[in-house]
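Colleague: If you read the protein sequences in the order shown, they are chains A and B.
Numbered by the working numbering, the letters in the first sequence go through residues 19 to 176 in order.
Numbered by the working numbering, the letters in the second sequence go through residues 19 to 176 in order.
One thing to keep in mind: the hints can contain errors.
Same chains, same names: a pair is fine if it fits in one copy or spans any two.
Said to hold, decoys possible - Using 30 Å as the maximum straight-line C-alpha spacing, the simulated DSS-like pairs for lysine-lysine come out as follows:
#1 K59 <-> K172
#2 K151 <-> K172
#3 K108 <-> K74
#4 K73 <-> K104
#5 K172 <-> K71
#6 K172 <-> K73
#7 K59 <-> K165
#8 K108 <-> K172
#9 K73 <-> K108
#10 K165 <-> K73
#11 K71 <-> K104
#12 K172 <-> K104
#13 K104 <-> K74
#14 K74 <-> K172
#15 K71 <-> K108
#16 K172 <-> K150
#17 K108 <-> K165
#18 K40 <-> K73
#19 K104 <-> K150
Don't read these hints as lab results, they were simulated from the structure.
2 protein chains.
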Amino acid sequence: MTTTTTNPKTTTNIVEESAFLKELVLQVRAQDHYGVYRSWKDELVLSNFVVSKEKKSQISVEGDVDSATQLRILCFYRAIASSIEKQTGKLCQAVIDLSHEGFGWSIIWTGRLMVVSRTLRDAQRFGYPSLKKLAAQGERLVASGIKAIEEFPKAADG
Amino acid sequence: MTTTTTNPKTTTNIVEESAFLKELVLQVRAQDHYGVYRSWKDELVLSNFVVSKEKKSQISVEGDVDSATQLRILCFYRAIASSIEKQTGKLCQAVIDLSHEGFGWSIIWTGRLMVVSRTLRDAQRFGYPSLKKLAAQGERLVASGIKAIEEFPKAADG
């Protein structure tokens, strides 16, 4: 077994080690209606979520957000919603609202409670520098969502 | 002055009498970037929100929701958000999430509180049988939103 733990891009087993990334893989595979990814490794399935700083600067924010990027953003927030759901037992709903200029909102709620709400900007450039950072950001949002549910249990049930 | 109070379509002064309809007129006029409606009466500005049952049955729910209808739905929920905002002092944000099949969500929130959340279906056919019913439905949603803020004040501030 090769050990490349210092390589931030495709460390072996990084997906295995992160409950959030495993959830994200499920979300992406759920959209794979034609089985294109069926034989792909999990790391490869998530590879489009990794966008380097240089690559970001090359992506124009002039036009529309292409539908593949929109779906990727939705998968990211659905994975957060689903992770929160598994840990709290509360049904969570995720919605992305994007203007054509790449600005908008990502929203996750349960009952009457807004579990996660973030503004999106330059959505055309959505991505993280590494799978590790993607996992960290996802887990951070999951944790903050769970904290919100603990803080406002009545609204979450409402 | 003509009295046509039983005519459900364009009762004189119906807009004047409804704080919600006045708010809706403001929202629609705010989108009127080329001043097309500038000389129009308020009732005329709102005329596209009135869709009879017969007309609805003629609108196909097969294709996309056209952008004028999407904007009309957004104006409706923005008017609700704005009315709640004026009565409670809480900043409200409205978002519409529509799939291409006319299904989706309309969401209004303030702080951590979901003030209004409704599922949309057959959005292609959005409209009310009369201005009076439009006003009643808008006011109903405004009242339920204010009630939610009163019920969960901490989440609304959160």
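Colleague: Look at each hint and say if it fits the structure.
Modeller: Now for the hints, and whether the structure bears them out:
1. K59 <-> K172: neither (41 Å within a copy, 45 Å between copies)
2. K151 <-> K172: neither (33 Å within a copy, 33 Å between copies)
3. K108 <-> K74: neither (35 Å within a copy, 37 Å between copies)
4. K73 <-> K104: Close neither inside one copy (34 Å) nor across copies (45 Å); limit 30 Å.
5. K172 <-> K71: neither (42 Å within a copy, 39 Å between copies)
6. K172 <-> K73: neither (44 Å within a copy, 42 Å between copies)
7. K59 <-> K165: Classified as neither: same-chain Cα gap 33 Å, cross-chain 50 Å, threshold 30 Å.
8. K108 <-> K172: Both ways: K108 and K172 sit 12 Å apart in one copy and 20 Å across, limit 30 Å.
9. K73 <-> K108: Classified as neither: same-chain Cα gap 38 Å, cross-chain 40 Å, threshold 30 Å.
10. K165 <-> K73: neither (34 Å within a copy, 48 Å between copies)
11. K71 <-> K104: Neither. Shortest intra-copy (33 Å) and inter-copy (43 Å) distances fail the 30 Å Cα cut-off.
12. K172 <-> K104: Classified as both; 19 Å inside a copy, 25 Å across copies.
13. K104 <-> K74: Answer is neither; intra-copy 33 Å and inter-copy 41 Å both fail.
14. K74 <-> K172: Neither way: K74 and K172 sit 41 Å apart in one copy and 39 Å across, limit 30 Å.
15. K71 <-> K108: neither (36 Å within a copy, 38 Å between copies)
16. K172 <-> K150: The answer is neither: 34 Å in one copy and 35 Å across copies each exceed 30 Å.
17. K108 <-> K165: Cα proximity of K108 and K165: in one copy and across copies (13 Å, 23 Å).
18. K40 <-> K73: within (25 Å within a copy, 48 Å between copies)
19. K104 <-> K150: within (22 Å within a copy, 45 Å between copies)
The structure fails hints 1, 2, 3, 4, 5, 6, 7, 9, 10, 11, 13, 14, 15 and 16 (numbered hints given earlier, in ascending order).
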